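Model the full assembly from the supplied sequences, consistent with the hints where possible.
Line by line, the protein sequences give chains A and B. Here the first sequence is numbered in the numbering used here, starting from 1 and rising by one per residue. Here the second sequence is numbered in the numbering used here, starting from 1 and rising by one per residue.
These aren't lab readings, by the way, just hints derived from the structure by calculation. In this text the structure is predicted, and so the values were computed from the model without any measurement. Don't take every hint at face value.
Said to hold, decoys possible - Straight-line distance between alpha carbons at most 27 Å, and here's what the computed DSS-like set of lysine-lysine pairs gives:
hint: 1; chain 1: B; residue 1: 251; chain 2: A; residue 2: 100
hint: 2; chain 1: A; residue 1: 100; chain 2: B; residue 2: 137
hint: 3; chain 1: B; residue 1: 251; chain 2: B; residue 2: 385
hint: 4; chain 1: B; residue 1: 102; chain 2: B; residue 2: 233
Said to hold, decoys possible - Here are the simulated distance ranges between beta carbons:
hint: 5; chain 1: B; residue 1: 247; chain 2: A; residue 2: 3; range: 54 to 62 Å
hint: 6; chain 1: A; residue 1: 57; chain 2: B; residue 2: 148; range: 45 to 53 Å
hint: 7; chain 1: B; residue 1: 171; chain 2: A; residue 2: 1; range: 49 to 57 Å
hint: 8; chain 1: B; residue 1: 129; chain 2: A; residue 2: 24; range: 24 to 32 Å
hint: 9; chain 1: B; residue 1: 169; chain 2: A; residue 2: 83; range: 24 to 32 Å
hint: 10; chain 1: B; residue 1: 149; chain 2: A; residue 2: 83; range: 21 to 29 Å
hint: 11; chain 1: A; residue 1: 108; chain 2: B; residue 2: 248; range: 36 to 44 Å
hint: 12; chain 1: B; residue 1: 102; chain 2: A; residue 2: 75; range: 56 to 64 Å
hint: 13; chain 1: B; residue 1: 136; chain 2: A; residue 2: 2; range: 23 to 31 Å
hint: 14; chain 1: B; residue 1: 422; chain 2: A; residue 2: 88; range: 42 to 50 Å
hint: 15; chain 1: A; residue 1: 99; chain 2: B; residue 2: 137; range: 28 to 36 Å
hint: 16; chain 1: B; residue 1: 148; chain 2: A; residue 2: 112; range: 41 to 49 Å
Each residue gets a CB set at the ideal place from its N, CA and C atoms; glycine is no exception.
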Amino acid sequence: MAKVLIVDDEQSLLFLLQQIVEEQGHYVLLAENGEQALHALEKENPDLIITDVMMPIMDGYQLLMEVKTRPELCDTKVVLISAAPINRRFEPKPDAYLTKPYDLVTIEDLLLQLI
Amino acid sequence: MLNTGIEGFDTVLGGGIPTGSLVMLIGSPGTGKTIMIQQLCFAWARRQEELRQSTVNFENASNAASGNNIGGPGKKRSPKKGSQSASSKAIYFSTLSEPHDKLIEHISQLEFFDEALFVDDIRLLSLTGVMDEGLQKVGDLIVETARHENAGLICIDGFRALEGLAPTPDSIRRFLYRLSAQLNLLGVTTIVALERNLGDSPSEGDLTIADVIIGLYHHIEGSRVYSRFEVRKIRGLKQIRGLHSYEISTKGWTIYPRFEALAPKMLEYSGAGPEDSRITFDLPPFEEMLGGGLPKGSTTLVAGSLGSGKTLLGLHYLMAGVNRGEPGLFVGFYESPDQLFNKADRFGMDLRSAVQNGMITLLNFAPIQLEPDILAVRVSQEVDKHSIKRMVFDGVLEIDRACQFGDRTHDFFAALVTFSKVRNITTIYNYEISKIIGTELDLSNTSLSLLAENLVLLRQQERRNKFYRIISVLQMRDSLHDLSVREFFIRNNIGITIQGVAVGDEDQISSLAGNFESDN
Numbered sequence: 001m002a003k004v005l006i007v008d009d010e011q012s013l014l015f016l017l018q019q020i021v022e023e024q025g026h027y028v029l030l031a032e033n034g035e036q037a038l039h040a041l042e043k044e045n046p047d048l049i050i051t052d053v054m055m056p057i058m059d060g061y062q063l064l065m066e067v068k069t070r071p072e073l074c075d076t077k078v079v080l081i082s083a084a085p086i087n088r089r090f091e092p093k094p095d096a097y098l099t100k101p102y103d104l105v106t107i108e109d110l111l112l113q114l115i
Numbered sequence: 001m002l003n004t005g006i007e008g009f010d011t012v013l014g015g016g017i018p019t020g021s022l023v024m025l026i027g028s029p030g031t032g033k034t035i036m037i038q039q040l041c042f043a044w045a046r047r048q049e050e051l052r053q054s055t056v057n058f059e060n061a062s063n064a065a066s067g068n069n070i071g072g073p074g075k076k077r078s079p080k081k082g083s084q085s086a087s088s089k090a091i092y093f094s095t096l097s098e099p100h101d102k103l104i105e106h107i108s109q110l111e112f113f114d115e116a117l118f119v120d121d122i123r124l125l126s127l128t129g130v131m132d133e134g135l136q137k138v139g140d141l142i143v144e145t146a147r148h149e150n151a152g153l154i155c156i157d158g159f160r161a162l163e164g165l166a167p168t169p170d171s172i173r174r175f176l177y178r179l180s181a182q183l184n185l186l187g188v189t190t191i192v193a194l195e196r197n198l199g200d201s202p203s204e205g206d207l208t209i210a211d212v213i214i215g216l217y218h219h220i221e222g223s224r225v226y227s228r229f230e231v232r233k234i235r236g237l238k239q240i241r242g243l244h245s246y247e248i249s250t251k252g253w254t255i256y257p258r259f260e261a262l263a264p265k266m267l268e269y270s271g272a273g274p275e276d277s278r279i280t281f282d283l284p285p286f287e288e289m290l291g292g293g294l295p296k297g298s299t300t301l302v303a304g305s306l307g308s309g310k311t312l313l314g315l316h317y318l319m320a321g322v323n324r325g326e327p328g329l330f331v332g333f334y335e336s337p338d339q340l341f342n343k344a345d346r347f348g349m350d351l352r353s354a355v356q357n358g359m360i361t362l363l364n365f366a367p368i369q370l371e372p373d374i375l376a377v378r379v380s381q382e383v384d385k386h387s388i389k390r391m392v393f394d395g396v397l398e399i400d401r402a403c404q405f406g407d408r409t410h411d412f413f414a415a416l417v418t419f420s421k422v423r424n425i426t427t428i429y430n431y432e433i434s435k436i437i438g439t440e441l442d443l444s445n446t447s448l449s450l451l452a453e454n455l456v457l458l459r460q461q462e463r464r465n466k467f468y469r470i471i472s473v474l475q476m477r478d479s480l481h482d483l484s485v486r487e488f489f490i491r492n493n494i495g496i497t498i499q500g501v502a503v504g505d506e507d508q509i510s511s512l513a514g515n516f517e518s519d520n
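In C-alpha cells form, the structure reads like this:
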C-alpha cells in the first residue's frame with residue numbers, strides 16, 4: 001500500500017479520484033490547492049502526488065516546482081492532470097501527465113508503474 | 001463526438017453530442033423522451049459492437065502481417081474510452097417512471113430493439129432502491145456504476161422523481177453539478193430526461209449546468225397535435241436554432257430539420273445565364289410563347305381552375321425531360337400513382353415505363369396533416385438520389401396550408417425556390433384557382449409570388465354554348481415572351497396541343513382572353 005496525495009480544487013473530482021485510488025489499495029490524502037498540499041507534505045511523506053494544474057492560491061506547476069526543487073521532497077513522484085493542454089516544456093518535468101477525462105485503465109496502469 | 005444514430009438529430013445539433021456532456025432532455029409526458037433515450041442507448045451499443053468487430057479485424061490483420069507472432073515486445077496500450085475506441089456500456093437508470101418489464105415490452109416493438117445487446121452493451125437499472133437515502137446516495141450509485149460497468153453513456157429517465165428528493169432548488173443544482181463533473185471526468189456522456197415543459201418553470205437555474213438542453217413540445221391546434229423539437233443550447237457547437245418537426249414511428253425517432261433553416265442564402269444564386277438552354281415541353285407553340293422555353297433553374301406558377309389541364313401540362317413537361325435524359329420528380333397530393341398512370345395512358349404518355357426506368361419519380365403525399373419538413377426531406381432525398389432536373393409540385397395550395405402553422409409559408413416557399421435553384425432544377429408549381437371562368441389573378445402580397453418567376457394561366461371560357469381552353473403567359477422573369485392568348489385542346493392519345501397565334505379569328509381570341517390584360 002502506498003500513500004497518495006491528491007490535489008484538486010474541484011471537490012467532487014477530488015472525491016472521485018480518491019475512490020479510484022483507494023480501490024487500488026492505497027492510502028489517500030486530500031488537498032484543494034498547492035498550498036494545502038505543501039502543508040500536508042510537511043506532515044506526511046507521500047509516495048505519489050496527483051495534482052490538477054489549474055487551481056487557486058497555488059497551481060499545479062508551482063506545486064511541482066516546490067516539490068522537485070526541495071531536496072527532502074524531490075524523490076516524490078508527481079503526476080500532472082488537466083482538462084486543458086498541459087505545458088509539457090515546463091521544468092522541472094513531472095513523472096507523468098494525465099489528461100481529463102480519465103481513462104480508468106490508464107490510471108490503474110500509472111499507479112502500478114509509479115508506486 | 002457521440003453520433004446519435006437518429007435521423008436528422010446530428011444535423012440539428014451541429015454534428016452530434018460532445019462526449020462527456022450533460023444533456024437535459026425536457027418535455028411533458030408523451031413527447032417521446034424514453035423512446036429517444038432508448039434509441040440512443042441502442043445506437044451506442046451498436047457502435048460498440050462495430051468497434052469490437054473492427055478491433056478483431058485489425059488484430060487479425062496485424063497477426064497475419066506479423067506471421068502470428070503473438071506476444072512480441074512492445075507495451076500494451078490501454079484502450080481509450082474518451083475517444084470511443086474501447087467497448088463501453090450504455091446504462092439506463094429509471095426512477096419512478098416505468099417498470100423495466102413494461103419498458104421492454106414497449107420498446108421491443110420498435111425496429112432498433114435488439115435483445116442481444118442487453119447485458120453486454122446495455123444495462124437497465126433502477127434508482128428506486130437508493131432514492132429513500134437521498135440525492136447523495138443516488139449520485140454515488142450512478143458514478144460507481146459508471147466506473148464499474150465501464151459506461152460510456154448514462155441515461156437517467158424520470159428525473160422529476162429525483163427533483164422531489166431535493167430539499168431546496170439549490171440542492172438539485174449541486175447534485176447535477178457534482179454528477180456532471182464526475183461523469184465528465186470519466187468521459188461519460190449523460191442524458192437526463194425531465195418531465196417538464198421547457199420554459200414553464202419559473203426558475204431554470206438547474207439547467208445552466210447542462211451542456212446541451214433539448215426541448216420537446218406538443219402544440220395542440222384544433223384537433224391536431226404538432227410535435228416539435230428544439231436544441232435550446234449546446235456548448236461548443238452551432239446548432240440549428242428554432243423548432244423542428246419530429247415523428248415517432250416503428251423506426252423510432254426521426255427529426256426533420258426546419259427546411260428554411262437549412263436553405264442556403266437565396267442571394268448567392270447568380271441566375272440563369274443567357275447561354276443556358278431553355279427547358280422545353282415538346283409543345284412547340286407553347287415554347288414559342290415562352291420565348292423558347294422555361295429558363296433553366298427558374299420557377300413557374302401554372303395557375304388554373306379544376307380540370308383546366310395543369311396536371312397534364314406537368315406530365316408533358318416531365319415526359320419531355322425523359323426524351324432529353326433529364327430526370328423528373330412529380331410531387332402530388334390528389335392522385336395516386338395508378339391514377340396518374342391511367343391518366344398518362346389515356347393521353348398517350350408512357351409514364352409507367354418512365355417511372356420504372358427511374359427517369360420520373362412520383363412522390364405522393366396525402367393532403368391530410370401534411371408536415372412541410374417531411375415533404376422537404378423526401379423531396380430532397382429523391383432529388384439527390386435521381387439527380388432531378390425537372391420538378392412539378394401538383395398542388396401548391398396544400399403546401400401553403402401545411403405551412404400555416406407557425407406562419408412559415410413565405411420562408412418555406414423561399415427555401416423551396418432556393419433549393420431548386422442551387423441545384424439548377426427547373427420547377428413548376430401548379431396552383432388551383434377557384435373560378436372556372438374568370439380573369440382575376442392577383443398574387444401581389446402573397447407568398448405565392450415567390451414561386452412565380454414565370455406565370456402561366458390556364459382558363460376555360462364559354463362562347464356560343466361551348467367551353468374553350470385558353471393559355472397565356474403572364475410573366476417571364478428576365479425574358480421576352482409572347483403576349484398572345486392561345487387556345488389549346490386536350491385530346492385522348494395526344495394530350496395537350498396548343499394552337500398557333502392565328503387560331504380562329506382575332507375577335508375570337510380577344511373574346512376568349514376576356515379582357516384579361518385590362519383587368520390586371
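Structure-based check of each hint:
{"no.": "1", "hint": "B:251 with A:100", "verdict": "violated (36 Å)"}
{"no.": "2", "hint": "A:100 with B:137", "verdict": "holds (25 Å)"}
{"no.": "3", "hint": "B:251 with B:385", "verdict": "holds (21 Å)"}
{"no.": "4", "hint": "B:102 with B:233", "verdict": "violated (32 Å)"}
{"no.": "5", "hint": "B:247 with A:3: 54 to 62 Å", "verdict": "holds (59 Å)"}
{"no.": "6", "hint": "A:57 with B:148: 45 to 53 Å", "verdict": "violated (34 Å)"}
{"no.": "7", "hint": "B:171 with A:1: 49 to 57 Å", "verdict": "violated (36 Å)"}
{"no.": "8", "hint": "B:129 with A:24: 24 to 32 Å", "verdict": "holds (27 Å)"}
{"no.": "9", "hint": "B:169 with A:83: 24 to 32 Å", "verdict": "holds (28 Å)"}
{"no.": "10", "hint": "B:149 with A:83: 21 to 29 Å", "verdict": "holds (23 Å)"}
{"no.": "11", "hint": "A:108 with B:248: 36 to 44 Å", "verdict": "holds (42 Å)"}
{"no.": "12", "hint": "B:102 with A:75: 56 to 64 Å", "verdict": "holds (60 Å)"}
{"no.": "13", "hint": "B:136 with A:2: 23 to 31 Å", "verdict": "holds (29 Å)"}
{"no.": "14", "hint": "B:422 with A:88: 42 to 50 Å", "verdict": "holds (47 Å)"}
{"no.": "15", "hint": "A:99 with B:137: 28 to 36 Å", "verdict": "holds (30 Å)"}
{"no.": "16", "hint": "B:148 with A:112: 41 to 49 Å", "verdict": "violated (19 Å)"}
This entry does not satisfy hints 1, 4, 6, 7, 16, going by the numbered hints stated previously.
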